[in-house]
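Next come the chains, spelled out residue by residue.
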Amino acid sequence: MEHEVAYRFKATQSRPVKRRRVLPGGLQTSWATRKRAYDELWPAQRNRIQTALDHVNHETVDGVSHFAFQAQDVRRSGKVPVALVITGSSITSWTSFLGSLSDRLTSSRANLVVSLRSGESPNLKTLLRVLIAKASAGGDSGNEDETLLHHNTGRLLNYDLQLLEDLLRERATENVVIAFEESETFDGALLSDTINLISSWVDRIPFMIIFSVATTLENLQHRISRGSLRHTEGRTFSIAPASEVLELALDIAVRGDSIPLWVGCSVSNMIMARQKDYFQCTDLLIDSLQYAYMSHFYANPLSIFLLEDLQYAAVPRDHFEALRNLGSFRRHVESILEIENGADVVRALLESDERLFQYARDGVSRARALVKGLVAAVHLLHTLRSHVPRLDHITLSSLYIRGLAGELNLSPPVRELLLSIKMVPSNVLPRLLEEVLRHSSNNSDLALVELQQRLKTLTSCRTAPLRSHHDTHGETIRTTIVAQKVELSKQKSRISEDDSAYSEIVDQFHDYLERHFMRTFLRPENIFMHEIVIYDLKSPHRDVFMPRPRFAIERALSLPHDYLDCSCCHPTAGGSNLENTLSASQPATSILYQLYMESGPLINVADLWLAFDAVVGGTNNQEAAVMTQFQRALAELRYLGMIRPSRRKADHVTKVSWKGL
Amino acid sequence: MLPEELFETLNEQFRCRESQIRQLSALYSPWFPSPPTAVIHGLPSTGKSSIISAVLDVNDIPHALVDSAQCVTGRHLLERITGACVAAIEAAKLGSDDEDAVEVDRQMVERTENISALAVNLTMLMDGYGEQKGASRKFVLVVDGVDKQREAPPTLIAGLARLGEMIPGFHTLLILHRPLPHLLHISAVPHIHFPPYTRAQCIHILSRYPRAIFPELPEDDEDYTAEEAAQDNEWLWPRYLGLIWDALARGAARDLSEFEAVAERLWARFVQPIVDGELGTRDFSRLVIRARPLMQGEVGLSDGWVSAGAGSGTTSKSTAAQITGKGVEDANSPHDLPYFTKVLLCAAYLASYNPARQDPIYFMKTADKKKRQRKASATTLAKASKHKKIPRQLLPPSPFQLDRLLAILRALLPHSVPQTADLLTTLATLVSLRLLLRSGAAASTSASASAGTTAAGDVLDGAGKWRVNFGWEYANALGRSVGLELAEWLAGGE
Chain C
1 MEHEVAYRFK ATQSRPVKRR RVLPGGLQTS WATRKRAYDE LWPAQRNRIQ
51 TALDHVNHET VDGVSHFAFQ AQDVRRSGKV PVALVITGSS ITSWTSFLGS
101 LSDRLTSSRA NLVVSLRSGE SPNLKTLLRV LIAKASAGGD SGNEDETLLH
151 HNTGRLLNYD LQLLEDLLRE RATENVVIAF EESETFDGAL LSDTINLISS
201 WVDRIPFMII FSVATTLENL QHRISRGSLR HTEGRTFSIA PASEVLELAL
251 DIAVRGDSIP LWVGCSVSNM IMARQKDYFQ CTDLLIDSLQ YAYMSHFYAN
301 PLSIFLLEDL QYAAVPRDHF EALRNLGSFR RHVESILEIE NGADVVRALL
351 ESDERLFQYA RDGVSRARAL VKGLVAAVHL LHTLRSHVPR LDHITLSSLY
401 IRGLAGELNL SPPVRELLLS IKMVPSNVLP RLLEEVLRHS SNNSDLALVE
451 LQQRLKTLTS CRTAPLRSHH DTHGETIRTT IVAQKVELSK QKSRISEDDS
501 AYSEIVDQFH DYLERHFMRT FLRPENIFMH EIVIYDLKSP HRDVFMPRPR
551 FAIERALSLP HDYLDCSCCH PTAGGSNLEN TLSASQPATS ILYQLYMESG
601 PLINVADLWL AFDAVVGGTN NQEAAVMTQF QRALAELRYL GMIRPSRRKA
651 DHVTKVSWKG L
Chain A
1 MLPEELFETL NEQFRCRESQ IRQLSALYSP WFPSPPTAVI HGLPSTGKSS
51 IISAVLDVND IPHALVDSAQ CVTGRHLLER ITGACVAAIE AAKLGSDDED
101 AVEVDRQMVE RTENISALAV NLTMLMDGYG EQKGASRKFV LVVDGVDKQR
151 EAPPTLIAGL ARLGEMIPGF HTLLILHRPL PHLLHISAVP HIHFPPYTRA
201 QCIHILSRYP RAIFPELPED DEDYTAEEAA QDNEWLWPRY LGLIWDALAR
251 GAARDLSEFE AVAERLWARF VQPIVDGELG TRDFSRLVIR ARPLMQGEVG
301 LSDGWVSAGA GSGTTSKSTA AQITGKGVED ANSPHDLPYF TKVLLCAAYL
351 ASYNPARQDP IYFMKTADKK KRQRKASATT LAKASKHKKI PRQLLPPSPF
401 QLDRLLAILR ALLPHSVPQT ADLLTTLATL VSLRLLLRSG AAASTSASAS
451 AGTTAAGDVL DGAGKWRVNF GWEYANALGR SVGLELAEWL AGGE
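Line by line, the protein sequences are chains C and A. When we follow UniProt numbering, the leftmost residue of the first sequence carries the number 1, and every step to the right adds one. When we follow UniProt numbering, the leftmost residue of the second sequence carries the number 1, and every step to the right adds one.
Hints are computed from structural coordinates only; laboratory data are not their basis. Be aware that a few hints might be false.
As the list claims (entries may be wrong) - Quick list of in silico lysine to any residue cross-link-like pairs, SDA-like style, CA-CA up to 20 Å:
hint: 1; chain 1: A; residue 1: LYS342; chain 2: C; residue 2: GLU244
hint: 2; chain 1: A; residue 1: LYS465; chain 2: A; residue 2: SER439
hint: 3; chain 1: A; residue 1: LYS465; chain 2: A; residue 2: PRO414
hint: 4; chain 1: C; residue 1: LYS372; chain 2: C; residue 2: THR480
hint: 5; chain 1: C; residue 1: LYS276; chain 2: A; residue 2: ALA428
hint: 6; chain 1: C; residue 1: LYS79; chain 2: A; residue 2: SER257
hint: 7; chain 1: A; residue 1: LYS342; chain 2: C; residue 2: THR216
Quantities reported herein were computed from a predicted structural model and do not represent experimental measurements.
Model the full structure from these sequences, guided by the hints.
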């Protein structure tokens with residue numbers, strides 16, 4: 001082969017096999033099955049969430065595309081149509097919005113959507129170059145060489161908009177939409193310049209601009225010159241706030257018939273709190289959910305029981321031992337023992353794997369049904385609360401978190417709802433009944449349907465809403481003075497027969513709901529096999545999604561033993577108390593850092609050296625070596641951004657960072 | 001000179017520009033020699049370029065018009081000049097029905113890197129052109145707004161002005177906003193000034209096309225014919241223009257197109273009482289009284305997407321929304337920033353506007369709030385008596401260090417702050433949104449990083465300094481939304 005100048009490399013194998021133990025033992029034997037389960041179950045969930053999210057902003061997409069179709073009218077007056085889309089601080093909602101917008105625009109008519117980012121367009125020339133390149137690549141025909149040949153006035157520079165005009169003349173384009181992604185990050189002068197230039201071309205190229213506004217409109221407007229603003233005609237749009245989108249995404253992720261796995265209260269609480277405190281970003285939510293699925297299926301051998309088509313033969317033996325050691329299994333067994341013939345059942349479960357297999361399958365499907373019912377009840381609670389007037393708005397996510405924590409039964413949100421249902425007038429009640437009917441499956445429907453019928457006949461011939469006798473509306477307070485004592489007495493105005501009939505309906509509805517909530521708001525940890533259907537481990541998420549780099553560095557420097565785990569550096573090795581942890585065996589940077597922590601904002605390097613020398617304690621002939629260590633440690637601290645040479649005083653360094661911030 | 005009837009048509013088309021049209025047609029007549037270079041100057045929308053091209057068209061002089069507002073660089077302008085000249089000369093040759101109308105050799109004039117190349121190219125172009133029908137054949141290059149050219153080489157204007165001297169039959173006409181004789185480096189260049197239109201001229205020009213009072217004629221009223229409506233429009237519109245000029249445009253929109261824009265913007269509101277049937281079409285004085293708030297406010301003058309006074313009062317906001325027809329976003333928009341982002345912004349504001357010296361007074365947990373305020377006001381009073389100090393809030397924000405920001409953040413919050421990377425990511429997001437700015441030496445590195453070259457400087461480098469990029473109102477509103485009263489923490493507050 002060496003005689004050839006070049007040859008084609010043909011790989012013999014697709015991928016080199018890693019040298020490792022191929023046959024996993026113990027609980028790892030089910031790894032392949034679990035991987036299959038994950039590959040089957042997660043993508044389906046992800047697609048469900050993604051399709052729902054893609055439709056979130058359809059109203060805004062409609063508005064903007066409508067604006068684009070009418071943009072010709074604006075351009076006729078010599079102005080540039082500008083759509084200002086207020087997106088909030090989250091960038092992900094913007095990308096999904098722009099994606100669906102450009103799909104809409106490019107599908108229905110001849111439109112061209114070009115998205116610009118500030119990183120790729122630092123000045124006007126580059127911006128135009130990028131714009132023309134993207135516009136010509138986005139079309140169906142031609143590359144740049146062709147366009148260079150087409151025009152009729154000699155060679156054009158690659159940032160000349162004439163190129164774009166020539167290109168568009170062949171395509172009969174209706175709109176060239178320039179979308180400025182994160183318009184705050186663009187330089188204000190650049191934006192003004194671009195608008196000026198574009199407005200001078202608007203009679204030949206059908207331009208339209210979309211700005212994504214992350215902060216406020218005023219903020220953006222202040223940075224664009226007035227002269228440029230005069231060339232524009234703006235209209236504002238707003239896309240769905242990130243918090244609403246998040247609620248929706250969470251709802252999709254936990255409610256439905258096909259959900260295999262639920263995220264428990266502590267993990268979901270952590271995810272949602274992080275969204276509220278730091279970022280509002282649906283991608284992050286999806287990532288967190290995916291990580292929960294991954295952790296569950298990759299690390300929990302019992303997750304194979306979530307597979308629908310699991311065969312007894314496919315389950316390795318030791319998995320049954322693991323099943324028998326589950327906390328919920330033990331509790332369940334203890335509860336069986338109390339009933340009659342329970343001992344026989346338990347014996348069979350403990351002795352026969354096959355019996356246990358069937359039992360566990362049933363248990364898992366029962367647990368899934370229970371959790372599904374719980375989540376559905378949470379959703380019902382949220383819907384009802386939104387229909388009843390004068391109730392505080394509680395987000396669905398927080399209700400879900402409390403529901404999975406098992407705190408919802410008889411909790412304030414539920415009691416509030418039940419109390420106000422007692423006082424609900426008859427124009428609100430039908431909607432509530434409908435919601436409950438839609439929610440509930442087949443059983444116990446009859447009672448509700450009957451209630452609905454009675455309500456219908458009662459209210460059919462009336463215009464004013466009926467009130468139940470719990471309503472304080474008809475109450476008057478009467479004061480009587482008897483022997484210089486004031487007595488307050490409440491008196492009900494007499495209620496009509498219809499009202500009392502209505503009150504009966506309300507009471508029955510109230511009792512039904514109360515029973516329903518009592519039945520469904522279980523404590524998840526009491527559900528048999530809840531370990532398999534609910535994933536609730538906080539620490540993997542915390543480690544993966546919330547790194548603490550500064551804390552880690554500071555801990556490593558101030559307590560090197562935590563990372564090195566050597567006997568010489570052990571805090572108690574010196575015999576002294578925990579405070580004094582300096583010892584010569586520690587790494588030099590760590591020693592210097594601890595000395596640095598004790599000093600003030602300006603540090604004399606000579607003092608630092610003396611202290612360092614005292615700790616490391618070399619003899620005279622070792623001084624050069626210690627000095628090397630010292631200098632190296634000092635350089636490392638400087639590299640970490642902790643000290644800076646000071647201009648104020650000679651031979652001093654400035655302390656830049658404080659621990660724990 | 002122009003034949004009188006041609007002159008009349010031009011004058012009809014462009015009102016109030018009689019002397020300029022006469023001067024131009026004297027300078028560029030097909031029979032008399034023209035100056036190699038001439039300068040037209042005047043403020044925007046005084047009819048410069050449209051009158052020039054109309055005069056040249058009428059006189060049948062081949063010309064090329066290049067608008068330097070559309071050119072991104074100086075090189076771009078030169079390339080476009082070449083392109084436009086090639087196209088115009090080709091068209092002129094075709095029009096003259098010359099037998100040997102050879103195509104202009106495009107290869108010859110391919111590149112125009114600088115002004116010398118332009119001179120060479122144009123010489124070659126004009127070579128076969130001027131001699132065809134004797135010396136009387138001329139070609140005019142009009143460069144519009146050349147003094148506003150972006151990235152122009154310093155010799156651009158002077159070079160363009162010299163082209164006419166070097167190339168026979170070639171004439172340059174420069175349109176400038178202001179006459180700058182020192183830029184040309186030649187004397188005795190004819191200048192024609194296009195002065196801004198006066199009040200009477202503005203109203204005269206705009207009255208030619210009166211706007212309609214009724215968007216469509218009321219159908220139920222058969223007595224009111226279209227002719228009557230046109231008469232009413234003609235009667236009311238000039239009076240309205242006079243009112244607008246006196247009230248608003250005289251001070252703020254003297255330029256004809258701006259004046260027209262303001263008048264158009266307010267017209268619908270002005271005639272609303274007539275459309276509603278409350279007033280007659282000739283009740284001008286009562287209409288003026290009705291329109292008084294319009295004329296007193298700045299509603300008609302705001303060009304932006306959001307009116308300038310949107311934050312101050314709800315009334316101006318609603319009127320602005322009605323007039324401009326633009327949706328005005330509510331102040332408390334549903335797009336809320338996350339909690340720590342808000343607190344971080346508040347802390348950054350305090351770090352920028354509080355002197356670092358006084359941090360122990362304001363942010364130490366032990367310091368009593370009342371004491372803190374008294375102490376602060378005492379110090380400021382003592383200072384104020386010696387020499388007048390400008391209140392800090394009126395000054396630009398001062399830079400602060402990252403650690404100081406984080407320390408203030410901790411002092412502001414009653415609970416502890418988790419020490420995760422999320423906080424720093426939030427900070428980076430705020431920098432990318434330009435709510436926080438880096439200042440000093442580090443700013444240049446971050447600018448180059450954002451320019452997409454290489455991420456030279458770490459965005460979160462501890463040594464850099466930072467500044468806030470928003471005002472007191474925004475910070476205060478943010479603080480209130482997270483339950484912080486910023487005035488309590490701010491030094492020098494009244």
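Results of checking the hints against the structure:
1. A:LYS342 / C:GLU244: holds, 19 Å
2. A:LYS465 / A:SER439: Since the Cα atoms of LYS465 (chain A) and SER439 (chain A) sit roughly 6 Å apart, the hinted pair holds (cutoff 20 Å).
3. A:LYS465 / A:PRO414: violated, 26 Å
4. C:LYS372 / C:THR480: Violated. LYS372 (chain C) to THR480 (chain C) sits at ~55 Å, over the 20 Å cutoff.
5. C:LYS276 / A:ALA428: holds, 17 Å
6. C:LYS79 / A:SER257: Holds. LYS79 (chain C) to SER257 (chain A) sits at ~13 Å (cutoff 20 Å).
7. A:LYS342 / C:THR216: Status holds; Cα separation ~14 Å.
Hint compliance for this structure: hints 3 and 4 are broken, all remaining hints hold.
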